[in-house]
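Please work from the sequences and hints to get the whole structure.
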Amino acid sequence: MAVFDINKYRQMFLEEAEDIFETIDTLLLEAEDTGDMDNETVNALFRSVHTLKGNSASVELSMFAALAHELEFFMDRLRNGELQFEESMAELLIEGIDTLKQILEMELSETLEESFYQNTKADLLQKIKAFSEDSKEIAELISHEEEKDDFGLLLPIDEEEGFGPLSGETLPLSEEIPESMEEYFGLFDDEVPHEAVLAFEDVFGFFDDLEEVAMSEAKEDTFGFFDEPEVPVAAIVTPSVESDDEHFGFFVDIETKTVQADVVRNIAEPKSGAQAKSSVGEVSSDEGKGSKKFKADTTSNSIRVDLSKIDGLMNNIGELVIAHSMLSQYIYTMEDQKTKSDLSERLELIDRHIRELQESVMSVRMVPMETVFSKFPKVIRDTAKKLDKKIDFRSFGETVEIDKAMIEGLTDPLMHIVRNGLDHGIESPEKRLKAGKPESGTLIMSAEQANGQMIIKIQDDGGGINLAKVTAKALENGVIDEHQASSMSDEEKAMLIFAPGLSTADAVTDISGRGVGMDVVMSNIKKLGGIVKVDTEEGYGSTFTIALPLTLAILDGLNIRVGKEQFILPLSAIIESIKPEEDMIKQIGDNQSEVLMLRNEFIPVVRLHTIFNVEYEHQKLSDGLLIVVRSAAQKIALFVDEFMNQQQFVIKPLDRNFRNARGIGGATVRGDGTIGLIIDTMNILDKNY
Amino acid sequence: MSINESNQLLTFKLGNETYGIQISKVREILTYPTVTPIPDASRWVKGVINLRGEVAPVIDLRVRFNINNDPIYTNRTIIIAVKTQDARMIGLVVDEVSDMENAELDRLYPAPDMGTSIAPEYLKGLFKKEDKMIVILDIDRILDKEEMQRLSRQAPEASHVLSTTA
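First to last, the sequence lines map onto chains A and B. So the first sequence is numbered by this note's numbering: it starts at 105 and just counts up by one. So the second sequence is numbered by this note's numbering: it starts at 704 and just counts up by one.
Only true hints are included.
Within a straight-line C-alpha distance of at most 30 Å, the following computed DSSO-like cross-link-like pairs (lysine-lysine) qualify:
no., chain 1, residue 1, chain 2, residue 2
1, A, K413, B, K728
2, A, K494, A, K577
3, A, K490, A, K205
4, B, K786, A, K413
5, A, K631, B, K786
6, B, K786, B, K728
7, A, K631, B, K848
8, B, K848, A, K413
9, A, K561, A, K630
10, B, K848, A, K630
11, A, K561, A, K479
None of these hints come from the bench; they were simulated from the model.
This is the structure in structure tokens:
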């Protein structure tokens, strides 16, 4: 029997728990908002908590499971109408779920102290009690709890046996239970007592039959929490989980699952009968139910895959692209025209397939923005509560897809911006009313794809950024000098909030105000190859605009030539390119700096050959070309000798084997097998790089 | 199975001296391909090449240790691709690859303070075979990530025009 590595399963549980917590938060916030909770919501909540309970017990998180049980029990009473939903219940439940999260974290890190746990639990029970009409129920509740502890202890052992025959390492926990039951088909004679075999054969009958038969059978076996016919499994998928699962969930089929869950129960049932141990029977049947419920939340046809595997696949495709272009270059040099055209034709076909393959793999990496957005309502609610502000949060573009690899890097900066917006941007209700604004502040988060970029906007209708204050602070901290301050545009001044160590908050709160954060936002977004912009109007609010490349793996680039060297310029950075006339170039200062006068803008000219220290072909700007690109805080015009072709490049990091270089954002393998360097326009002027 | 793999050396020449590195570090031996120069790199960093799909720097040990400051690169110049302990792929330019030798790495002579072109801190020791002396390089030390990041940047005054290599 395989060694049962609890940590591996705990990790799986943790990942799933995060998803479930998110679902629960969404439901509860909705309930709190509307002050009502319909049956569907109650059912969904109950199921979620139940799943948490069952799964946590199976990974031996007994205290977490026990606490989850309390909440589940409370929800169960809500569900079967023993309790009527009141608005304050939502608050209690939110608090309860927060406590659960806390306990989970502590139990996982093994820092949970018994006394703390007992106090927390007592506290929670006390609050739950307040909603209960008579103490008998409490007594019942406590007796349930004891049962629960058994459950917590017994289940893992039980499950471990179930896991035994199955050694698939990468399967998510949720699949394990039914999968292992499937295994029993083959391993029957050795693994399961004879009675169970018989029982199984009974069940086999139901199998081909209607699912409902199995269901009614299940009803007969019910214990404590099973006092109501279940909603058909397929109907009870919570929306956020579902959409997430489409990409990173589980591959399981609904029907077999349900049936299998019943099989579990039915196998367990006679077994316990034979052993005359009703408690085991209860646990087992509960487990059966647990696994069925578990499935209920994960009904879509998807699979959870480690991102590094997809990266590996992407790398292979990259190699394929390179091999392909090597081949086409070779064909180009062939003499025999007939063979040449025949080969080219076939090669084009391969090219098309490679592109399709590339797109398919890319689409696997993509997840909807909802994965990012769904984290916010809870944070915003909590923060607003702490600050005594009223916030109306809205989000748009949940279905816009984003590279999974970016989500991690994106969530933190967004969180910072939102917290800052809540803390410094949106005013207190009194202040807002005085200013003639609605009492509740509005925070809008939106995502859209435009021009091959992902545009994320965070918009608030708060007080806006006090530019005078920011500028004064920047002067004080030496970020800028007087001269700069006087020549800065409002937009540039607003960008100062991204400078390190700058906070205009008069008081440092635990939400924001330490002056760290916004500079982290900038650097994180830059790391993702994106840019942040802020538009603000005092008294009317601010809008943060984040533009990101759609993916980190492939880039549309323009080949440019400087002297004998070729570089790749990301298309996303290019604004326009011009062949400058002499009168468009102005010299400033000691004739060392050149600026391009384009319409009403002055754009500093950067000679790439100087930056990259390479030979140049043209000395005079009017002989070459200027490409206007976005740089950190401004536009710059890059001076190059020639444009070459435009194509897609597979980005490879330069610092994996070596280090980063100034002005270079990455590398790629060209068709001839050599390395091409990709220019990073963001930090090209950063001398300290 | 008497020969421990890590005791096998690949020997090569840098100038007139014979050097050795553990064969287990070597991934590939290739002839000098087109190398893409890195703009702000020191002279001993020739640039980057594609090594099995990875972007790997090419380092000329002769320039790095002042054995030959103005080497000529032809399509017969040899690069030894090595993989460091921390799994970085790096190409080393050498004058010629000589042979394979078995050496008992735990019975090396300590490197002398003087007499070798490369400072003793970068050496594992000396190995004597008949009348030959092989200097065994500590490749992980030479290619130490932090040291490379620090030293491989071009000093501003030493800036020169990079030329494309054949």
